[in-house]
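We have chain A already, so just place chain B on it with the hints.
First to last, the protein sequences are chains A and B.
To convert, note that position 301 of the first sequence is 300 in numbering that gives the first Met the number 0; the numbers rise steadily by one, no gaps.
To convert, note that position 116 of the second sequence is 115 in numbering that gives the first Met the number 0; the numbers rise steadily by one, no gaps.
No farther apart than 25 Å at their CA atoms in a straight line, the calculated lysine-lysine pairs in the DSS-like style are these:
| hint | chain 1 | residue 1 | chain 2 | residue 2 |
| --- | --- | --- | --- | --- |
| 1 | A | 223 | A | 296 |
| 2 | A | 89 | B | 18 |
| 3 | B | 2 | A | 130 |
| 4 | A | 129 | A | 89 |
| 5 | B | 416 | B | 428 |
| 6 | A | 89 | A | 130 |
| 7 | B | 18 | A | 130 |
| 8 | A | 136 | A | 89 |
| 9 | B | 428 | A | 21 |
| 10 | A | 129 | B | 18 |
| 11 | A | 296 | A | 221 |
| 12 | B | 2 | A | 89 |
| 13 | A | 221 | A | 173 |
| 14 | A | 296 | A | 173 |
| 15 | A | 173 | A | 136 |
| 16 | A | 296 | A | 226 |
Calculated directly from the structure, the hints in this document are not laboratory data.
Note that this is a predicted model, so its numbers are computed, not measured.
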Amino acid sequence: MSQSVIWVDGVTKRFSGHTAVKDLSLEVPQGAVFGLLGPNGAGKTTTIRMIMDIIRPDEGRVVLFGGAGTGRDLSARIGYLPEERGLYPKMQVLGQLAFLAEIKGLSRREAMRLGREWLERLGLGEWIDKKVEDLSKGMQQKVQFIGTLMHDPDLVILDEPFSGLDPVNTQVMKDVVVDFARRGKTVVFSTHIMEQAERMCDHIAIIARGEKIVDGRLTDIKAKYGKSHLALEFVSNRAQAVPILQDRSLFLSVDDYGASAEGEMAPGVDGDTVLRALVSAGVGLSRFEVVEPSLQKIFIAEVGDTAITAAREPGDA
Amino acid sequence: MHKLWAVIRREFSARVRTKSFVITTVLGPLLLAGLMLVPGLLLMSKSSGRHIVIVDGGDRGLGQTAQTTLRTKFPEHYTFEVMVFPTGETERVESLISRIDAPSETAGASIDGVVILNPEMLAEDRIAYYGSNVSSMSDMSDLRRGLREALVAERLAELGVNLTLVQEASRPFSFTTERVADGKLTGESGEASFALAYAMAFLLYMALLLYGVQVMSAVVEEKSNRLNEVLVSSLSPFELLFGKIIGVGSAALVQLGLWVGTAMMLTTFRGEIASVFGVPETAVMAVPIPTVSPALLVVSLLFFMLGFLLYSSAYAAVGAMCNTMQETQQASLPVTLVVIIGFFTVFNVLNDPAGSTARIFSLIPLFAPLIVPVRYSLNPLGVGELLVAAFSTLLGAIVVAWFAGRIYRVGILAHGKRPKIKELVNWVKAG
Chain A
0 MSQSVIWVDG
10 VTKRFSGHTA
20 VKDLSLEVPQ
30 GAVFGLLGPN
40 GAGKTTTIRM
50 IMDIIRPDEG
60 RVVLFGGAGT
70 GRDLSARIGY
80 LPEERGLYPK
90 MQVLGQLAFL
100 AEIKGLSRRE
110 AMRLGREWLE
120 RLGLGEWIDK
130 KVEDLSKGMQ
140 QKVQFIGTLM
150 HDPDLVILDE
160 PFSGLDPVNT
170 QVMKDVVVDF
180 ARRGKTVVFS
190 THIMEQAERM
200 CDHIAIIARG
210 EKIVDGRLTD
220 IKAKYGKSHL
230 ALEFVSNRAQ
240 AVPILQDRSL
250 FLSVDDYGAS
260 AEGEMAPGVD
270 GDTVLRALVS
280 AGVGLSRFEV
290 VEPSLQKIFI
300 AEVGDTAITA
310 AREPGDA
Chain B
0 MHKLWAVIRR
10 EFSARVRTKS
20 FVITTVLGPL
30 LLAGLMLVPG
40 LLLMSKSSGR
50 HIVIVDGGDR
60 GLGQTAQTTL
70 RTKFPEHYTF
80 EVMVFPTGET
90 ERVESLISRI
100 DAPSETAGAS
110 IDGVVILNPE
120 MLAEDRIAYY
130 GSNVSSMSDM
140 SDLRRGLREA
150 LVAERLAELG
160 VNLTLVQEAS
170 RPFSFTTERV
180 ADGKLTGESG
190 EASFALAYAM
200 AFLLYMALLL
210 YGVQVMSAVV
220 EEKSNRLNEV
230 LVSSLSPFEL
240 LFGKIIGVGS
250 AALVQLGLWV
260 GTAMMLTTFR
270 GEIASVFGVP
280 ETAVMAVPIP
290 TVSPALLVVS
300 LLFFMLGFLL
310 YSSAYAAVGA
320 MCNTMQETQQ
330 ASLPVTLVVI
340 IGFFTVFNVL
350 NDPAGSTARI
360 FSLIPLFAPL
370 IVPVRYSLNP
380 LGVGELLVAA
390 FSTLLGAIVV
400 AWFAGRIYRV
410 GILAHGKRPK
420 IKELVNWVKA
430 G
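Bound conformation, chain B alone:
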């Protein structure tokens, strides 16, 4: 026990004392905050002052209708101008197109795009747009929506339908969502619970990969520095392996703890923090922040630890087979792929947290560490299902750790070529 403790302490302090640990600990929350802020900033920086010309080649005033609709829908971001002339006059169209995104010294003001309402094309239900902003998803969807409304209104008028009635009937409504867990209202919107589940999946996935690879590199480091024989003369390979896993695991928990703690502090005091920066408190408080229940924390912690035991011992076995870090990049691919498959399954689970995929994957030890916490955050599992998932994961982790330990024991003292499958089987079998 004393020896195991010495290994754990050495490994822990070796991890925690690196520059990269300090940097990632500090930058992690910043990155997370960035990930949350950037989409918001992107929405805010939405195009402003786009100048779009609508060329109406017809005689029914469709251009005018479109302009009115677009103006009422998007009064801030765009200015629209209607030109009525036959679209067959290609020189006029071309001269407009030449003004798109043109330097200011060119004749006529620079414009961002041209909508062509050509009667022949409209007959085939087509509208063309030429612009510098065609890659902007939000611009295109705005234009499409505005034009669609104008066109629908025009077609309805043509059919003799009273437009006021149509507008009255197609009044928009707001759709509010709230998550219910255990038959109780949580006060969380759909977006918030999705965000929480997604963030958890991402964090768990990153943590399993990041710290699993740290265990692997620790194993390779000892091997390439020829330390193993010195160590194994005093320590059993199992003390060495589990000391390493527990040491790196504790460093991981410290780092994750600091991250989660910081995140919770920031969200709890976000009003106060915002007012320091002169941002109105109410604006910040309006942003939906999901609540993390203590039960969810416990479940996530448990499954992270089980998953870490499973994956880090698999990574350790890979490390023991290799002599250099370069070799591990290829050799660790199978393990990494399994983690990635688990991560992609999460997207299915997000859509249907109680569906059959979610239920089945919760029982597979390789995937449960990612799937179960995500499911729990969306729709808490029953105690029975949770216990079965935990036990099967524990069992799976023990089996993987046992095989990994057998490979590790032989591998750390073997130098030279990486073993083939047949040799690995011999390693596992060796007495």
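Chain A with its partners taken away, still in its complex shape:
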């Protein structure tokens, strides 16, 4: 427990009769890049707000850095980018950043120095004394991001950090986050984009309907699902592959993307059997690989399940 940066212990939060988060427990180890995944309305933001002590859990507790205080007490060590984020439109960029760092406890002088440094680093050096409202949306997002990270926190919590970002900014921010992780800092972010999480995270938790479905190291979770998946890419005679992919004695399920497909093989079937069938049907393949399931696949499998079970439990809408 001593190496857990965040320990969420059985928290429950209800809003006027509706349970947003139900008996949820999480542990985020020191130095992890932790993805909090879930469909919209799963309770990700509520969980993060409870971690930050912006709202209090009805039951359970949150322990940060082994019990040193609440999210607000420790704001000097935490960088938080909420889902609801904005800036003072009439304030100058540098003044804005200095203020954001000052309320984390930095001195004004230090805050100004760091603000200048970061603005230069992210290519906003010319905009230092412009008003925030004169900046493009993308530039404002960068300023927001600098405001979250400039005080060099030990723990970074980002709620849907990539939503609404253009590809260039997504890249910039991803690089900054990866750099933080490389320096041994802990990063937690929520997203509903699985590819992103799969590429960046070493730990994940999937939540749906306020409950945790899966959590742990990404590699462990994937290993649990085993090497029973096939990744295929087609070059010719795509049509001949269809009956094979639809053969339920070979595949339990298939995600067909057209030029490629991912399928979960039925128990007892091995890769060779499928490969022989495809080759003898004359299908041209550029990729044939036995793989771990993608996070997307795990996610849909798990969240789809609870959607059904949750529907069977009335009174917990």
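Relative to chain A, chain B alone:
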């Protein structure tokens, strides 16, 4: 403390750096000077050269008496002309009326009005006036006074009273007033102390509304720009709220300080300033200017600050309930109404600064911030009463700020529909 200071500084500089702050700071004294000068200018621009015809339909020379009286009373502003003919001759009356305010090319000179002294109407104690200037209060009161004197003189003569004796007996006298405070003469006339009290009430009322609404709009601005969650992750809602109140309050004090300072400079050096503009110094010095004692300044400052704490936190709570400025216009009405009620109570207090209304309202925290300074300027309260009023206001401000803080804390993170009373109660109760 460091964080609170950062919030105060941000809020203060955000207020002070706006164009509207600079403009109101500069224009405030000009407006005030204007408010003082305009009534004077209006008095000076009093009608001049009014030409009024008195039609006397009787045979006792009343028209002549009226003309003499009016001429002696108002030698500068009017010229009077008497025509004696029976008022039954309607065409002659009508032709006179047609000359009122007529373009110069019409036959006969243009006149401003006609007084009709008709024996039948006089028997019923009535005099009629037709004119273009009937809406001028000062003209009408001049005419009424002059005609009244003429009529009284005529009636007395009719009763056989010696007119010289009557005139001797009804000699006018001048009524000078001077305010006494703490048993000492202040050298202030009644008009001057009334002017001071009224100006103070008006300034305090404007300041409470103006800066209270600024706090409200600052709250709504943060809410509509989705800043609150970023802020609340580092700051407690109470640091945020009180930083805002203190920041806006300091900007208010700076602005009020500049205004009061300018006003004091202008009045102290008004003689010198006047002579620069070629106005005789003595004329300016003759205008009564009330003195503002340091004690009055301290009392006003104290009660303004208490009132500001009370009203700005109430306005902040309203801001936290709303999502846009448009919504606040309706939602802030109850708070604004209370300030307005306080302002209207001031008029009662001006008449009777030590009366029971004044005493009771001084103890109600919602009204004391306006009432106590006004009372103090007219008739200083005893130390005991002042302390009780200050403490009850402080207590009231703390209670209002506490409730406002509870509402603010929940409201800044709540988006969507404005809460109903029941939900507000839940907000206040929430853990």
